[in-house]
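Sequences are here, hints too, so could you generate the full structure?
As a plain string of letters, each chain reads:
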Amino acid sequence: MQYLLNGLPIGATYALIALGYSLIYASAGVLNWAQGDMAMLGAYLAYTLNRIVGLGFLPSMLVAMACAALVGTLVERGVLRPLRRRASPSINLIIATLGVAIIARNLALIVWGPDPQLFPSPVGSRTISVGSLNLLPQDLLIVGVAIFLMLLLQYFLRFTREGKALRAVAQDRMAASLMGIVVERSDSVAFATSAALGAAAGILIAPLFFVTFNMGAVIGIKGFVAAVVGGLGNIPGAIAGGFVLGLTEAVAGGKISSGYRDAISFGVLILVLWLRPSGLFSRVNRAKV
Amino acid sequence: MTLLRKISVFALVGVLSLSISGLYGCGGASQTKVLKIGVAGPETGGSAQLGQAQHRAIQLACDEINAANAAGEWKLEPYFEDDESDPTKSASATNKLIQQSNVNVVIASINSSCTLADMVVTERAGIPQITAGSTGASITEQGDKWIFRTAVNDELQANALVDYAVKTLGIKKASTLTAADSYGQSGATLLKAAAEKAGLNLVVTATYNGGDKDFKPQLLSMKEKGTEAIFLWGIYTEAALIANQARTLGINGQLFGASGMAAAKLIELGQGAVEGMLLTQSFLPDSPDAKVKDFVVAYKQKYNEDPIPHAAQAYDSVYILADAVKRANSNAPQALRDAIMNTSGLQLVTGSPKFDEKGNDVGKSVLITKIEKGKFVLVTKVISGQ
Numbered sequence: 001m002q003y004l005l006n007g008l009p010i011g012a013t014y015a016l017i018a019l020g021y022s023l024i025y026a027s028a029g030v031l032n033w034a035q036g037d038m039a040m041l042g043a044y045l046a047y048t049l050n051r052i053v054g055l056g057f058l059p060s061m062l063v064a065m066a067c068a069a070l071v072g073t074l075v076e077r078g079v080l081r082p083l084r085r086r087a088s089p090s091i092n093l094i095i096a097t098l099g100v101a102i103i104a105r106n107l108a109l110i111v112w113g114p115d116p117q118l119f120p121s122p123v124g125s126r127t128i129s130v131g132s133l134n135l136l137p138q139d140l141l142i143v144g145v146a147i148f149l150m151l152l153l154q155y156f157l158r159f160t161r162e163g164k165a166l167r168a169v170a171q172d173r174m175a176a177s178l179m180g181i182v183v184e185r186s187d188s189v190a191f192a193t194s195a196a197l198g199a200a201a202g203i204l205i206a207p208l209f210f211v212t213f214n215m216g217a218v219i220g221i222k223g224f225v226a227a228v229v230g231g232l233g234n235i236p237g238a239i240a241g242g243f244v245l246g247l248t249e250a251v252a253g254g255k256i257s258s259g260y261r262d263a264i265s266f267g268v269l270i271l272v273l274w275l276r277p278s279g280l281f282s283r284v285n286r287a288k289v
Numbered sequence: 290m291t292l293l294r295k296i297s298v299f300a301l302v303g304v305l306s307l308s309i310s311g312l313y314g315c316g317g318a319s320q321t322k323v324l325k326i327g328v329a330g331p332e333t334g335g336s337a338q339l340g341q342a343q344h345r346a347i348q349l350a351c352d353e354i355n356a357a358n359a360a361g362e363w364k365l366e367p368y369f370e371d372d373e374s375d376p377t378k379s380a381s382a383t384n385k386l387i388q389q390s391n392v393n394v395v396i397a398s399i400n401s402s403c404t405l406a407d408m409v410v411t412e413r414a415g416i417p418q419i420t421a422g423s424t425g426a427s428i429t430e431q432g433d434k435w436i437f438r439t440a441v442n443d444e445l446q447a448n449a450l451v452d453y454a455v456k457t458l459g460i461k462k463a464s465t466l467t468a469a470d471s472y473g474q475s476g477a478t479l480l481k482a483a484a485e486k487a488g489l490n491l492v493v494t495a496t497y498n499g500g501d502k503d504f505k506p507q508l509l510s511m512k513e514k515g516t517e518a519i520f521l522w523g524i525y526t527e528a529a530l531i532a533n534q535a536r537t538l539g540i541n542g543q544l545f546g547a548s549g550m551a552a553a554k555l556i557e558l559g560q561g562a563v564e565g566m567l568l569t570q571s572f573l574p575d576s577p578d579a580k581v582k583d584f585v586v587a588y589k590q591k592y593n594e595d596p597i598p599h600a601a602q603a604y605d606s607v608y609i610l611a612d613a614v615k616r617a618n619s620n621a622p623q624a625l626r627d628a629i630m631n632t633s634g635l636q637l638v639t640g641s642p643k644f645d646e647k648g649n650d651v652g653k654s655v656l657i658t659k660i661e662k663g664k665f666v667l668v669t670k671v672i673s674g675q
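The listed protein sequences correspond, in order, to chains F and V.
For the first sequence, the numbering used here assigns the number 1 to the initial residue and increments by one for each residue that follows.
For the second sequence, the numbering used here assigns the number 290 to the initial residue and increments by one for each residue that follows.
Simulated from the structure, these hints should not be mistaken for lab results.
On a predicted model such as this, the values are computed, not experimentally measured, just so you know.
Just to be clear, a hint being listed does not mean it is correct.
To be verified - On the chain V side, residues computed to face chain F include the following (Cβ under 10 Å):
| # | residue |
| --- | --- |
| 1 | Ala-337 |
| 2 | Glu-513 |
| 3 | Asp-627 |
As the list claims (entries may be wrong) - Counterexamples of contact, computed for chain V against chain F with all Cβ distances above 10 Å:
| # | residue |
| --- | --- |
| 4 | Tyr-368 |
| 5 | Gln-431 |
| 6 | Asp-452 |
| 7 | Lys-456 |
| 8 | Thr-478 |
| 9 | Thr-526 |
| 10 | Val-581 |
| 11 | Asp-583 |
| 12 | Ala-617 |
| 13 | Asn-618 |
| 14 | Ser-633 |
For glycine and all other residues, C-beta sits at the position ideal for the given N, C-alpha and C.
Here it is, written out as structure tokens:
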């Protein structure tokens, strides 16, 4: 039971990152390898605003998410759009995002230095004990905020103009553009939203795991695995994939072997790809987003 | 045609001989004898604080020795490379130091896996190497005659920690949580051996990968088996996370750690969770010893911070080299190596260095320290036996 409890907050952050991958994949048709580094960037920005500028946690988080969204838009406009206009194959686009990730990581190294930074939790670090179960207030905050953001995303996709446009582009890029939707604008929206979600994940996890310049690498890969397990491009699938991966890691790490934890979670990925190549949660008649 | 050729050959020969004599002239002019010391260490990455401390201490020691002519006619010239705690990068950094900077001796590295990679390079090149930071037992078990270790050997540390746990604290059931690299695994093996010797029951022996953030699964299984103490073997970032998560899970047992994680950053990141943690170290900045005091004052004056044990060990290593080059009066690798081997009678910051045939400094003392109110304080001193 405690294992499951430990897996939830981790799973929630994986789910947020996975959402970013799926959103971009569904609409723009590329993988954004800088997704994990958006989490790192968000965590550092929030850390700077909170610890050095002295803003509260919530304003810091919102500003950091907004900044990350801006960076996401810039990546789309400055890197992907020019490549796409030149009709580069999608592998080039994917490699370009990998380049963005490396640049982001090294910039962070220059700006914030190599040492991990402490980012205290806004809700304190007093353990809450229920029977033999223990958890931190931050764990609850992570799960709560993550679920809130997921609902917000659903609202955005279903009931706003931009969201509807995004879904239309995801369904059929060509048809959407014929219907008068500016698909490039839609790509920007997808990148901005994904970056903001990634930043939120990074900020939420920072009080537990510190802020480091290379935190994006691991969290990015895990988020990607979660997205693939849930079916790349599938929004509910990404959320489910995140939680499945978080819980698998927690249980496998505790009950089987901690040294093989990553091997087990990647083993799950291979198993899913083998049995259900389009992901656990894909329907036969696949509707993206 | 032939005339032109002759002229050009003449010109070429002339230019060559000029440049050769030029080179000679250069060599003749700078008759000061220089010992080039190559330093590889992690200046970025997970153990950056340790590598930066090593860099600063070596620079300080070289400056002091050169100013006081403490190495006779010899001047010390350090060359620094960053290895990012990565064995591959460490080996290429060492290679670069030897091939490009033509160093006579190498001080490398901090992470044991890096030091092992560097040893392949120095052994092939036949250049003496000192590690001032690596404690992994396997380093001096390779039969490599070029390696010397001025860090405290892990075996001593493991024995000191386990003995203290059993004899002084009366702990019976303990667990180990060690990094899955050569440093952590050598620690795990030594802790196991020490526990068997002292009659300590190890209920869980878990490992983690470098860069792991979530240790709750391992900690939970320790909690379920009723562990009274946890021995950690790794670096400070993970140690701080482990301490935080252990306290979150309601594990209040004694935490033990080895010198690899004894840094100010451990206390900063671990905050309340590392209070009361016991660690072995080779050096404490507030010791009353005169040598220690002088070093701490000089270091603080230059860098405006307290030196950590890695700094003290690196600083001592340079003094050992200064003494060796003075006695050998040569920077030839073999002569230098033999002189280091015969080091004796020096009184340095971390003890009186003396090397055994494997290259271990057996003149060191091990301090057991405790984190109290955010500071390392001395609990007891164990003089190294062998």
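Verification of the hints:
The closest approach between the C-beta of Ala-337 (chain V) and any C-beta of chain F is roughly 4 Å, which is under the 10 Å cut-off, so the hint is satisfied. A least Cβ separation of about 9 Å between Glu-513 (chain V) and chain F falls short of the 10 Å threshold, and the interface hint therefore holds. Using the Cβ-Cβ criterion of 10 Å, the hint placing Asp-627 (chain V) at the interface with chain F is not satisfied: the shortest such distance is roughly 38 Å. For Tyr-368 (chain V), the shortest C-beta to C-beta distance to chain F comes to about 21 Å, beyond the 10 Å cut-off, and the non-interface label holds.
At roughly 25 Å from the closest C-beta of chain F, the C-beta of Gln-431 (chain V) stays outside 10 Å, upholding its exclusion from the interface. The Cβ of Asp-452 (chain V) lies farther than 10 Å from every Cβ of chain F, with a closest approach of about 27 Å, so its non-interface assignment holds. Taking the minimum C-beta to C-beta distance to chain F, about 30 Å, the non-interface status of Lys-456 (chain V) holds against the 10 Å cut. Interface exclusion of Thr-478 (chain V) from chain F stands, the closest Cβ pair being 15 Å apart, more than 10 Å.
Distance check on Thr-526 (chain V): its Cβ comes as close as 5 Å (rounded) to a Cβ of chain F, failing to clear the 10 Å threshold; non-interface status is violated. With a closest Cβ-Cβ approach of about 25 Å to chain F, Val-581 (chain V) is found to remain outside the 10 Å limit, as its non-interface label requires. In this structure Asp-583 (chain V) is separated from chain F by more than 10 Å, as the shortest Cβ-Cβ distance comes to about 28 Å. Under the 10 Å C-beta cut-off, the non-interface status given to Ala-617 (chain V) relative to chain F holds; the minimum distance is some 37 Å.
Under the 10 Å C-beta cut-off, the non-interface status given to Asn-618 (chain V) relative to chain F holds; the minimum distance is some 40 Å. Here Ser-633 (chain V) stays apart from chain F, with its beta-carbon at least about 38 Å from theirs, past the 10 Å limit.
The structure shown violates the earlier hints numbered 3, 9.
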